[in-house]
Amino acid sequence: TTAQYNGSNIPNSSQKGIIAADKDRYIETSIFPYCTKVDKYEKMTKIGQGTFGEVFKARLRADKSKIVALKKVLMENEKEGFPITALREIRILQLLKHDNIVNLYEICQQFSRHNKTTFYLVFEFCEHDLAGLLSNVKVQFSLGEIKKVMQQILEGLFYIHANKIIHRDMKAANILITRQGVLKLADFGLARAISINKNGQPNRYTNRVVTLWYRPPELLLGERNYGPPVDLWGAGCIMAEMWTRSPIMQGNTEQHQLTLIAQLCGALTPEVWRGIEKLDLYNKMELPKSSKRRVKERLKPYVKDPYACDLIDKLLGLDPSRRMDSDSALNHDFFWTDPMPCSLERTLSNHSSSMFEYLASRRGGNIHAQQVQQAAAAQKPPNNEGYTDMVY
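Just so you know, full-length UniProt numbering puts 296 at position 296 of the sequence shown, and the rest follows in order with no gaps.
Worth double-checking, as some hints may not be accurate.
[What the hints assert, rightly or not] Okay, derived cross-link-like pairs now, DMTMM-like style, lysine to aspartate or glutamate, Cα gap no bigger than 20 Å in a straight line: (1) LYS138 / GLU106; (2) LYS289 / ASP333; (3) LYS292 / GLU271; (4) LYS292 / GLU277; (5) LYS278 / ASP319.
Because the hints were derived from the structure by calculation, they are not lab data.
Note that the structure is a prediction, hence the values are computed from the model and not measured.
Can you build the whole structure from these sequences, using the hints too?
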């Protein structure tokens, strides 16, 4: 019979204990009362898949007009318990409430007598992600609409950074967009809280975060005491992508990615980045020493607006201590000159079908989406390597 977690059948602490096999069986057949059953939702179509698990579009059986996104929690190694990425995402999204942050409704479970309990995170449904929209040549954004996209991304970043949270996986596929044109930062599985250590020692966060093509140079060089600037680098990459329609630096390895960064943003030297020589991998990587900064020059064929070029240039600053932050970016002239930021709703209303990176790659019409997924899959997951990386 199914064990109900009601307190009456929990092994008594005065007992000698239960052997590991019995304990595993007990956990496998337990139902957790704080989670409702996922059966209340009806899956409609799969809209995403990755190392995190699967995402489905679903609707409430009791009210079919209520559409949600179900994110299946991948229990890759059940013996280690509930995945830390899912714990982080739940904990952080319970605290963050903002128009430009995806809303987590609840956690549901699916029970089977033969398999372990499966958990689902239930999110508000957004019709598109930015990577899916950019992969469709029929979707053309005006300058005012691009301003609105970036304004909302930066508003979301300003909010999470003000709340001492860093996202650590900024990329176009993690920017969701509703039919009304509201952007939502999503996938907080790699996000974490940041703080100043009480003992005055530098933080020792993992640097194995952020999809390779969007990863900032400080992480590639081994920095583990980092903060909000890692997200602003990703925002700069995404902003350039609004015109190029594909990631601007597509490295195959960390070494290759650093080389591409140097070729675009200039040589990584102590002259432009104070203290870079102290980073663990600075002397272990072969870096171009004489490359000139060419961000504006390389973007000129795509980006005609000089203010846009300037903002991208400042977001892609090599030295994280001098990289533009979200507050300064929101006050940049790019957002305060004609055309002003305008709603995306009119453009999106011309496209009735949802556009997601996953669906585009499934159709085989988006090589860019496939490349991004391959780059993400090639990454090793963060490991402990002797440092503490707490859930919150």
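Here is how each hint holds up against the structure:
1. LYS138 / GLU106: Violated, because 35 Å separates the two Cα atoms, which is more than 20 Å.
2. LYS289 / ASP333: Violated - the C-alpha atoms of ASP333 and LYS289 are around 33 Å apart, more than 20 Å.
3. LYS292 / GLU271: 13 Å, holds
4. LYS292 / GLU277: 19 Å, holds
5. LYS278 / ASP319: With Cα atoms ~13 Å apart, LYS278 and ASP319 stay inside 20 Å; holds.
In this structure, the hints that do not hold are numbers 1, 2, in rising order.
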